[in-house]
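Turn these sequences into a full structure, and let the hints guide you.
Residues 828 to 971 (my numbering) make up the sequence shown, in order.
Keep in mind that the hints were calculated from the coordinates and are not lab data.
One thing to keep in mind: the hints can contain errors.
Stated by the list, open to error - Cut-off 30 Å, straight-line C-alpha distance, at most; resulting in silico cross-link-like pairs (DSS-like, lysine-lysine):
hint: 1; residue 1: Lys950; residue 2: Lys968
hint: 2; residue 1: Lys870; residue 2: Lys911
hint: 3; residue 1: Lys849; residue 2: Lys971
hint: 4; residue 1: Lys880; residue 2: Lys911
hint: 5; residue 1: Lys906; residue 2: Lys849
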Amino acid sequence: MSGRVQVIALLLFVALTTCVSKPEYPSPPVRGGSVVVKTAGMKAGEPVFYTVKIDGVGVSFFVLKLDGTIRSYLDACMKCYPHKKGYRVDGFYLECRYCGVRYPLDNLDQGVGSCYPIPVNGKLNGNEYIISLSELKGAVKYFK
Numbered sequence: 828m829s830g831r832v833q834v835i836a837l838l839l840f841v842a843l844t845t846c847v848s849k850p851e852y853p854s855p856p857v858r859g860g861s862v863v864v865k866t867a868g869m870k871a872g873e874p875v876f877y878t879v880k881i882d883g884v885g886v887s888f889f890v891l892k893l894d895g896t897i898r899s900y901l902d903a904c905m906k907c908y909p910h911k912k913g914y915r916v917d918g919f920y921l922e923c924r925y926c927g928v929r930y931p932l933d934n935l936d937q938g939v940g941s942c943y944p945i946p947v948n949g950k951l952n953g954n955e956y957i958i959s960l961s962e963l964k965g966a967v968k969y970f971k
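Quick look at the structure:
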């Protein structure tokens with residue numbers, strides 16, 4: 828195989844494999860059966876993504892601070908989760924990596940179904956946002 832063909836084959840391989848892998852993010856701190864996210868350094872309107880391993884499956888989610896409120900969502904939706912692409916942030920919008928639908932970050936709590944991210948129950952305790960691992964265990968089905 829000539830050098831030129833090898834380079835083209837390598838570039839094609841890299842392009843195809845990087846486009847199909849599901850996103851994986853840093854592991855969050857886990858304490859006492861819960862994920863514990865420090866909120867003091869969070870910037871408003873900038874989701875922070877995490878992946879926690881549960882039963883050998885990486886469950887990805889993000890935590891978002893807006894208007895003094897903190898919420899969390901899976902990096903998956905009811906419609907596109909079988910494709911395992913998740914979301915990306917584009918300015919003040921969350922965009923599905925599979926279908927391209929975009930939602931303003933300040934509208935996520937009002938959406939249900941379609942390509943809106945799936946909400947994750949959590950609670951604020953001082954400067955920590957706490958999500959039980961049992962809550963995230965129920966989401967394993969979206970990431971298998």
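Each hint tested on the structure:
{"no.": "1", "hint": "Lys950 / Lys968", "result": "holds, 23 Å"}
{"no.": "2", "hint": "Lys870 / Lys911", "result": "holds, 27 Å"}
{"no.": "3", "hint": "Lys849 / Lys971", "result": "holds, 11 Å"}
{"no.": "4", "hint": "Lys880 / Lys911", "result": "holds, 15 Å"}
{"no.": "5", "hint": "Lys906 / Lys849", "result": "holds, 16 Å"}
In summary, this structure violates none of the numbered hints.
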